[in-house]
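In the working numbering, the protein residues as written are 69 to 948.
Derived from the structure by calculation, the hints contain no laboratory data.
Note that the structure is a prediction, hence the values are computed from the model and not measured.
Just to be clear, a hint being listed does not mean it is correct.
Unchecked claim - Okay, derived cross-link-like pairs now, PhoX-like style, lysine-lysine, Cα gap no bigger than 25 Å in a straight line:
#1 K742 / K548
#2 K456 / K529
#3 K456 / K548
#4 K169 / K456
#5 K548 / K529
What the hints assert, rightly or not - Distance ranges between label pairs, derived from CB positions:
#6 D794 / R615: 31 to 41 Å
#7 V912 / T253: 29 to 39 Å
#8 N562 / G109: 14 to 24 Å
#9 G120 / G617: 50 to 60 Å
Idealized CB from N, CA, C, for every residue including glycine.
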Amino acid sequence: YEINLGGGAGIVVPVDPNAEPPPAPSASGLAVHLAFDEAAGSLTALNTGTAGAAQNGAVTGATFVAGKLGNAVQIDGQDHIVAGPTPVTGAAARTTSVWVKMSGASTAIRTALTFGQNSSGGKWDVDIDTAGNFELGIANGRTDSAGSPNVADGAWHNLTAVLPSGATTLAGAKFYVDGAPIAFTATSAQVINTAAGGSLIVGHAANSGTFQQFAGDIDDLAIWTRPLGATEVAAMVSLANTAGYDAGNVDTLLAAFASASNVTIDGVTWTYRASGLTGPAGVVQTTATNRYEINLGGGAGFVVAADPDPQPATDGLTVHLAFDESPGSATAINGGLSAAANDGAITGATYVAGKLGNAVQIDALDRIVAGPTPISGAAARTTSVWVKLPGASTAIRTALTFGTNSNGSKWDLDVDAAGNFELGIANGRTDSAGSPNVADGAWHNLTAVLPSGATTLAGLKFYVDGAPISFTATSTQLIKTASTGSLIIGHAANSLNFQQYAGEIDDVAIWARPLSATEVRAMVSLANTAGLHYNAGDLDAMLAAFRAGTDIVIDGTTWKYRASGLTGAGVVGVGTGGNLYELDLGGGAGFVVPLGTSTSDALTVHMPFDDAAGSPIALNTGTSGAANNGSVSGTEFVGGKLGNAVQFAGLDRITAGFAPIVGSAARTTSVWVKVPGPSTSIRTAFSFGTNSNGGKWDVDIDAAGNFEIGIAGGRIDSAGSSSVTDGAWHNLTAVLPSGANKLGQLQLYVDGAPITFTATATTAINTAATGAFIVGQSVNSTNFQQLDGQLDDLAIWNRPLAAIEVRAFVSLANTLQYDAGKAEALLSAFGHGSGVVLDGRAWVYRASGLTGPEGAVAVATDGFTYALNLGGGAGLAAVN
Numbered sequence: 069y070e071i072n073l074g075g076g077a078g079i080v081v082p083v084d085p086n087a088e089p090p091p092a093p094s095a096s097g098l099a100v101h102l103a104f105d106e107a108a109g110s111l112t113a114l115n116t117g118t119a120g121a122a123q124n125g126a127v128t129g130a131t132f133v134a135g136k137l138g139n140a141v142q143i144d145g146q147d148h149i150v151a152g153p154t155p156v157t158g159a160a161a162r163t164t165s166v167w168v169k170m171s172g173a174s175t176a177i178r179t180a181l182t183f184g185q186n187s188s189g190g191k192w193d194v195d196i197d198t199a200g201n202f203e204l205g206i207a208n209g210r211t212d213s214a215g216s217p218n219v220a221d222g223a224w225h226n227l228t229a230v231l232p233s234g235a236t237t238l239a240g241a242k243f244y245v246d247g248a249p250i251a252f253t254a255t256s257a258q259v260i261n262t263a264a265g266g267s268l269i270v271g272h273a274a275n276s277g278t279f280q281q282f283a284g285d286i287d288d289l290a291i292w293t294r295p296l297g298a299t300e301v302a303a304m305v306s307l308a309n310t311a312g313y314d315a316g317n318v319d320t321l322l323a324a325f326a327s328a329s330n331v332t333i334d335g336v337t338w339t340y341r342a343s344g345l346t347g348p349a350g351v352v353q354t355t356a357t358n359r360y361e362i363n364l365g366g367g368a369g370f371v372v373a374a375d376p377d378p379q380p381a382t383d384g385l386t387v388h389l390a391f392d393e394s395p396g397s398a399t400a401i402n403g404g405l406s407a408a409a410n411d412g413a414i415t416g417a418t419y420v421a422g423k424l425g426n427a428v429q430i431d432a433l434d435r436i437v438a439g440p441t442p443i444s445g446a447a448a449r450t451t452s453v454w455v456k457l458p459g460a461s462t463a464i465r466t467a468l469t470f471g472t473n474s475n476g477s478k479w480d481l482d483v484d485a486a487g488n489f490e491l492g493i494a495n496g497r498t499d500s501a502g503s504p505n506v507a508d509g510a511w512h513n514l515t516a517v518l519p520s521g522a523t524t525l526a527g528l529k530f531y532v533d534g535a536p537i538s539f540t541a542t543s544t545q546l547i548k549t550a551s552t553g554s555l556i557i558g559h560a561a562n563s564l565n566f567q568q569y570a571g572e573i574d575d576v577a578i579w580a581r582p583l584s585a586t587e588v589r590a591m592v593s594l595a596n597t598a599g600l601h602y603n604a605g606d607l608d609a610m611l612a613a614f615r616a617g618t619d620i621v622i623d624g625t626t627w628k629y630r631a632s633g634l635t636g637a638g639v640v641g642v643g644t645g646g647n648l649y650e651l652d653l654g655g656g657a658g659f660v661v662p663l664g665t666s667t668s669d670a671l672t673v674h675m676p677f678d679d680a681a682g683s684p685i686a687l688n689t690g691t692s693g694a695a696n697n698g699s700v701s702g703t704e705f706v707g708g709k710l711g712n713a714v715q716f717a718g719l720d721r722i723t724a725g726f727a728p729i730v731g732s733a734a735r736t737t738s739v740w741v742k743v744p745g746p747s748t749s750i751r752t753a754f755s756f757g758t759n760s761n762g763g764k765w766d767v768d769i770d771a772a773g774n775f776e777i778g779i780a781g782g783r784i785d786s787a788g789s790s791s792v793t794d795g796a797w798h799n800l801t802a803v804l805p806s807g808a809n810k811l812g813q814l815q816l817y818v819d820g821a822p823i824t825f826t827a828t829a830t831t832a833i834n835t836a837a838t839g840a841f842i843v844g845q846s847v848n849s850t851n852f853q854q855l856d857g858q859l860d861d862l863a864i865w866n867r868p869l870a871a872i873e874v875r876a877f878v879s880l881a882n883t884l885q886y887d888a889g890k891a892e893a894l895l896s897a898f899g900h901g902s903g904v905v906l907d908g909r910a911w912v913y914r915a916s917g918l919t920g921p922e923g924a925v926a927v928a929t930d931g932f933t934y935a936l937n938l939g940g941g942a943g944l945a946a947v948n
């Protein structure tokens with residue numbers, strides 16, 4: 069600061085000589101940015117940097133998995149990604165950055181990325197040496213950073229290398245691990261002269277495909293054609309760890325800083341401050357008044373103000389057609405803010421089973437007219453729809469449209485003849501040739517976002533199944549959606565027979581705001597996750613709760629807000645950290661569902677078989693009550709695994725009403741068995757449904773003693789798994805995840821441990837509602853696959869138990885003789901963060917500090933009589 073108090077005299081406050089000055093605006097930006105946020109199975113890693121599609125990556129072998137920032141790529145052995153030509157050559161200034169996750173030391177150097185050629189000084193290898201140190205190789209020259217942090221420890225680490233302007237050898241380079249500079253020595257004075265003839269490769273060195281192969285996960289690869297300053301590197305890492313920002317977001321923030329302007333990123337507004345920020349340069353801070361603030365040099369930077377009184381967004385979910393009406397309904401109800409004004413009048417379309425509940429089947433001249441155009445002009449918007457199309461076509465197919473057919477005045481969500489997702493606006497269209505084919509008979513989500521301020525097709529953002537796709541705009545026509553048109557499902561705005569759709573459509577959603585990439589990913593992940601299958605309305609309710617920082621109950625499940633500590637922005641984590649589900653909605657903040665919290669998913673059937681000897685009824689203590697009580701025929705009650713059990717021989721059986729779970733609904737079935745030895749035929753512990761293709765659910769033991777499931781027209785083969793016919797008690801548990809309907813998607817456990825198996829057919833699981841529920845033989849007939857042996861504690865949940873829950877209830881049975889009902893009570897208490905008393909023993913909730921193996925009861929550990937770690941050190945402990 070300086071102030072003239074008259075005649076040129078006054079006072080100055082000198083700039084801190086140790087503070088790094090703000091960087092000047094740079095014309096050389098982020099050339100390569102491979103975020104690796106594509107969906108599993110994608111063969112192309114998109115470059116969103118300034119070099120464009122020329123540096124898209126061709127994926128060979130690598131798989132997309134959950135990463136540090138959204139998705140990542142997992143590289144093993146021969147896997148690699150070739151991403152176009154060398155992006156920076158000679159000794160030109162540069163910054164290369166990448167996140168890596170590696171487990172353990174190695175006998176060889178591992179190269180995360182390289183470009184150039186293997187000639188003296190001609191390559192740029194970003195390496196991890198055998199001891200886990202970050203180094204750089206250039207051919208005939210290498211750095212040695214012995215003693216620097218070990219980055220091969222199974223955690224995510226950022227590796228950044230900077231070649232400053234004017235530097236020509238390794239000695240002039242700068243290296244950072246997790247944003248902090250590291251010391252190194254250069255082993256030669258070889259001049260850096262990166263060859264222009266090479267390629268950018270992820271997964272091995274420039275020398276050859278088998279040289280210095282990488283094994284581990286890689287995320288968010290970024291290459292700038294300028295040297296980032298130390299503060300900028302620190303900011304990149306700090307923003308990733310707090311706000312969940314990738315290099316593209318960071319570059320946007322740095323560009324705004326250089327122009328001293330505010331900027332909105334993923335729906336969050338960063339307000340520029342010219343001075344007054346006192347935190348460490350490059351480190352995101354949280355204060356009493358600001359959600360985030362970051363000093364980018366000399367006290368200048370940005371703040372994100374905390375909202376003292378969060379209000380529901382007025383630019384919310386305008387239209388939501390869930391299509392969950394009953395078959396034959398003539399109206400599709402709009403659950404969005406525009407309400408009945410955008411209800412849909414159905415012509416010809418029929419209701420069928422869909423992606424999320426019901427859907428509509430559109431054929432030929434079928435359509436749904438759903439009121440007036442919901443968003444007009446170039447107003448920001450997000451449009452989303454789930455589509456299921458059987459194959460390619462000779463014409464474009466329009467899923468939904470609004471506006472009118474004049475230049476720039478319509479908004480057509482299209483699938484082109486080859487199955488690519490595109491958008492048409494009249495006299496303008498996008499071309500996304502090479503993007504994922506969505507006309508393959510499976511369900512796919514198509515989302516188009518028009519950001520605030522964008523006015524042409526080039527400014528759009530497109531997503532397929534939550535992952536961004538690249539496209540080109542075929543014209544610069546201005547977007548000016550007409551307010552006089554209608555919202556139509558099934559054809560384009562042009563006319564009834566133009567670009568007719570033929571297939572299924574579900575969950576149409578239109579927001580009057582641009583959803584962020586994290587929100588789009590979350591929408592798709594919540595829809596796909598076992599046990600959830602949330603639609604756009606559920607997502608919108610969750611986003612409103614997130615803005616308010618409050619818990620929320622959706623479909624009977626309580627999601628608890630967390631201000632920090634979550635990872636994997638936009639991707640639902642299952643069975644991690646002591647939680648059934650967790651979802652990071654940005655910056656580590658989001659929601660968790662602790663194990664046992666869900667109240668809509670229940671222990672439907674529980675037959676403990678603790679009835680007295682001679683009893684004609686086996687009581688069901690599950691939520692279905694007397695409807696699934698068992699009528700005993702021939703079986704005897706004897707001493708069992710947990711109290712009494714039932715003994716079967718010959719034609720003995722128990723008939724327990726009708727099938728408790730039908731169709732392909734998610735389920736967990738569990739039973740304890742004691743069978744004396746192998747047999748010449750399959751033996752069924754229990755069965756429900758009917759003997760039609762996919763129509764039954766047989767819990768079987770094959771002739772060799774292996775646990776299997778049969779569904780009529782299909783069976784699994786678990787040959788080689790543990791034999792359960794050794795005269796001892798064993799627990800057999802089968803889980804059908806939500807959304808699954810094939811045998812190959814099952815999860816099977818023996819005594820709480822998962823077993824491997826193969827499916828002998830692809831018959832769809834469709835358990836018949838009209839069939840019986842029988843214990844002791846298959847539903848086929850009274851003498852089919854009869855059981856000889858004992859059964860105890862039969863339990864059926866109408867939800868898929870997580871692996872840790874299966875381990876827990878087996879461990880509780882083996883240590884404390886708790887049956888499934890008591891285990892369920894314990895899990896429920898944990899989910900609600902409360903204690904419970906079982907059999908006179910008090911269990912207290914512990915949020916952390918339990919050290920025993922996850923899912924296993926530990927005895928005399930952590931100062932307690934018994935302790936059960938249900939993930940991340942959280943669980944319950946018995947004090948007596």
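Numbers of unmet hints, in rising order: Checked against the structure, the hints that fail are numbers 1, 3, 4, 6, 7, 8 and 9, while the rest are satisfied.
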